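S.K.: If you want the building blocks of each chain, they are given just below.
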Amino acid sequence: MEIEGLERIVREHPFFAGLEEGAGRLLVGCARNARFEAGQYLFHEGDAADELYLLRQGRVGLGITAPGRGALTFQTLGSGEVVGLSWLLPPYRWSYDAKALELTRAISLDAKCLRQKCDADHDLGYELMKRFMPVLVARLHATRLQMLDVYGTHG
Amino acid sequence: MRPPRPWRSAQRRTPCFRALRGPGFEAGQFNMLGIPGIGEVPISLSGDPADPARLLHTIRAVGPVSTALTRLACGERVALRGPFGTGWPLLEAAGKDVIAVAGGLGLAPLRPALHALRAARARLGRVIVLYGARSPQEILFRRELESWQRGVDFEVEITVDHALGDWHGHVGVVTRLIERAKLDPARALALTCGPEVMMRFAIAALRHAGLGEEQIFLSMERNMQCAVGLCGHCQFGPLLLCRDGPVLRLDRLGGLIGRKEI
Numbered sequence: 001m002e003i004e005g006l007e008r009i010v011r012e013h014p015f016f017a018g019l020e021e022g023a024g025r026l027l028v029g030c031a032r033n034a035r036f037e038a039g040q041y042l043f044h045e046g047d048a049a050d051e052l053y054l055l056r057q058g059r060v061g062l063g064i065t066a067p068g069r070g071a072l073t074f075q076t077l078g079s080g081e082v083v084g085l086s087w088l089l090p091p092y093r094w095s096y097d098a099k100a101l102e103l104t105r106a107i108s109l110d111a112k113c114l115r116q117k118c119d120a121d122h123d124l125g126y127e128l129m130k131r132f133m134p135v136l137v138a139r140l141h142a143t144r145l146q147m148l149d150v151y152g153t154h155g
Numbered sequence: 156m157r158p159p160r161p162w163r164s165a166q167r168r169t170p171c172f173r174a175l176r177g178p179g180f181e182a183g184q185f186n187m188l189g190i191p192g193i194g195e196v197p198i199s200l201s202g203d204p205a206d207p208a209r210l211l212h213t214i215r216a217v218g219p220v221s222t223a224l225t226r227l228a229c230g231e232r233v234a235l236r237g238p239f240g241t242g243w244p245l246l247e248a249a250g251k252d253v254i255a256v257a258g259g260l261g262l263a264p265l266r267p268a269l270h271a272l273r274a275a276r277a278r279l280g281r282v283i284v285l286y287g288a289r290s291p292q293e294i295l296f297r298r299e300l301e302s303w304q305r306g307v308d309f310e311v312e313i314t315v316d317h318a319l320g321d322w323h324g325h326v327g328v329v330t331r332l333i334e335r336a337k338l339d340p341a342r343a344l345a346l347t348c349g350p351e352v353m354m355r356f357a358i359a360a361l362r363h364a365g366l367g368e369e370q371i372f373l374s375m376e377r378n379m380q381c382a383v384g385l386c387g388h389c390q391f392g393p394l395l396l397c398r399d400g401p402v403l404r405l406d407r408l409g410g411l412i413g414r415k416e417i
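Residue numbers (the numbering used here), protein chains in the order written: chain A, 1 to 155; chain B, 156 to 417.
Extracted from the complex, chain B is given alone in its bound form (with noise of 0.2 Å):
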């Protein structure tokens, strides 16, 4: 366990926040990031694993420690630990196909492992992103996600829940675009992040498209508060998912998810 350290912000810009340098990270960890006085939240690594002199956290202002991160000033300290839990399955990915499937915020998490897959592009069969937003202001890293498009690394898929008519992408739930994907289940891994009942509808389209549990990732989140699996708040079934997660294989969770009252 590292012990808590302030780290000063270099550069605020909404939504994301830099530090302005780091430990080494896996894809799909987190950091506790605390305001003193306030609290302290877990929030994912959302920047380059091979850029781990900076940090990069995407935060949306929801509680009072989050909105107090949003609002912070170039300059100002923050509290900082780890980084801590499961990172993504990437040296199982070589040879397959990779079909990444995020949803709104969910894409933070799961944009250090598309670097660190477009970093080992050659060593990869199909690499496919599906992002499903709210509408389209609300699209997180749209630029990046266009430039993808445009590449030839990437096959990248945007839709929205609702658009007005000013918008020429898809329309309609992410996990429609797995059906379309076409995927080949006998070579494929799927990684997935975003609200639960996203997931819980995302697994089913995989499922559906021939994908076995032991293919299925998927990032987990709870109220992660010690971050080492002390105190037990983030605990799920038999896991905590500070330690045992926020990355889990889907056979992991044993049949846990969208199970009412754990």
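Here chain A stands alone, though its shape is the one from the complex (with noise of 0.2 Å):
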């Protein structure tokens, strides 16, 4: 009963919209729901990138911390975004810290025995890297339109 409701939880997330049933199936049991209270870190930078989270409401607030400059942050991800990326790449480490700024729910996916069923089940492997890849494109766009500076005086 807490699997097919946590199944349906994963299937009504927007990044997993469209998902087959037997994707659901296989993603579920490597699924489990998280919570997060305001000023909890999800995740240090350094961390091994074990699992990723899929939010279902609050904010999180990705960051790093600079000597003399105290925590940085570059982006805020809210409800029906993905935190954590760096589970997909060896060394499977953070490269930042993940801090929840508000009450905050996701699902947590275990990145292990995700990686271990993509590898078992390539048609889950490539479903899954079609759903990831825009993430990973959209921030990258974002990223370099921040890089740029658009709003600073030029000239």
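Please keep in mind that the hints were generated in silico from the structure rather than gathered at the bench.
Be aware that a few hints might be false.
[Claimed, not checked] Label-pair restraints from in silico Cβ distances:
id, chain 1, residue 1, chain 2, residue 2, range
1, B, Glu231, A, Ala38, 46 to 54 Å
2, B, Thr222, A, Arg93, 42 to 50 Å
3, B, Gln304, A, Thr143, 22 to 30 Å
4, A, Thr65, B, Glu247, 44 to 52 Å
5, B, Gly367, A, Thr65, 43 to 51 Å
6, A, Pro90, B, Glu293, 33 to 41 Å
7, A, Tyr41, B, Ile193, 47 to 55 Å
8, B, Arg342, A, Arg131, 28 to 36 Å
9, A, Glu12, B, Ala205, 43 to 51 Å
10, B, Ala208, A, Glu12, 49 to 57 Å
11, B, Pro191, A, His44, 37 to 45 Å
In this text, all values refer to a predicted model and were calculated from it rather than measured experimentally.
Heads up, the beta-carbon is just placed ideally off N, CA and C, and yes, glycines get one too.
Relying on the hints, combine the two individually framed chains into one complex.
M.R.: Dropping the structure here:
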């Protein structure tokens, strides 16, 4: 019953919209519900990237702590979005901190479990890749725009 | 064309400058402001069009004229011509959802439209205001935006490119807020103003959300000098932006935005 509920939650998340039933059943084996209070860290820079999060409610800030400058936030993510892409590629380490900015509910997916299932079932792996690639590309474009500093005074 | 005539500045508040009185204007139009002996620059009107007796300009000091304008003391004189150019399509907004996407100083030309939309709120669907700034310190009209956030007329989301830990709002580019706004493309009208690169990304996000070119309006900026379509300095393909713009429907640009060496 609990698994059925979780499968429904996973399949209703916008990131998995339109996911086939079989793939949903495979994914739910790696999933659990997670909850973070405001100020609680989902993970820290340098930690093993052994979980990723599909946000259902709340907001998460991604940042890096710089000596003398404190915590610098470079992106915030909210409901319907994915936190964590470093689990996809070795060395599977987070390169930034992720902190809940308010009460946050998420689906947590065990990255090792997910990687194993993708290795065993390439159709599932391809399906996931098709969903993660647009996220990666959109964030790359957004990062470029931030780097251009378009609101600054130029020339 | 109105002849050049002097105006007396009433007060100066960084980054705004007010004049005592002026002609009526349409949201989106601009004035030519000048300092004798230095020059003249186009500056958008950023006040409430329902209060035309007070002209409000938001000025960033980037060149000799704008720097001189921001250094004016109360009682000093400036030259003013205007208002010039086209305004935002506020009549077309009736019955529609309006999404205003502004970046940096681009909030200033949109602000008169937001005031007008607020006055006409009962005749509109959703009014979504998305604003991106470089940092929390550089958010324009911050108190006003925050009061709108607390109110019920507008859905306001503010994002900054970079922030320290004491900022609890969004961080990231303004175009990402478009994705989150969950627009109904069948009834949306988009107004966007900001750096051209930002507007190109905003247009891409609005198109991705299902809006057509006839639903997207933007405010374009070029080297406006005569402001009446004679000198040609602000030519943009077949358009003279001082006369045909600054506010244009995207399909009028004919794919020129983002094209090099027009």
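S.K.: A separate judgement is required for each hint: does it hold in the structure or not?
M.R.: Hints, verified against the model:
no.	hint	verdict
1	Glu231/B to Ala38/A: 46 to 54 Å	49 Å, holds
2	Thr222/B to Arg93/A: 42 to 50 Å	48 Å, holds
3	Gln304/B to Thr143/A: 22 to 30 Å	27 Å, holds
4	Thr65/A to Glu247/B: 44 to 52 Å	48 Å, holds
5	Gly367/B to Thr65/A: 43 to 51 Å	45 Å, holds
6	Pro90/A to Glu293/B: 33 to 41 Å	39 Å, holds
7	Tyr41/A to Ile193/B: 47 to 55 Å	54 Å, holds
8	Arg342/B to Arg131/A: 28 to 36 Å	29 Å, holds
9	Glu12/A to Ala205/B: 43 to 51 Å	45 Å, holds
10	Ala208/B to Glu12/A: 49 to 57 Å	54 Å, holds
11	Pro191/B to His44/A: 37 to 45 Å	60 Å, violated
In the structure shown, a violation is registered for the earlier hint numbered 11 alone.
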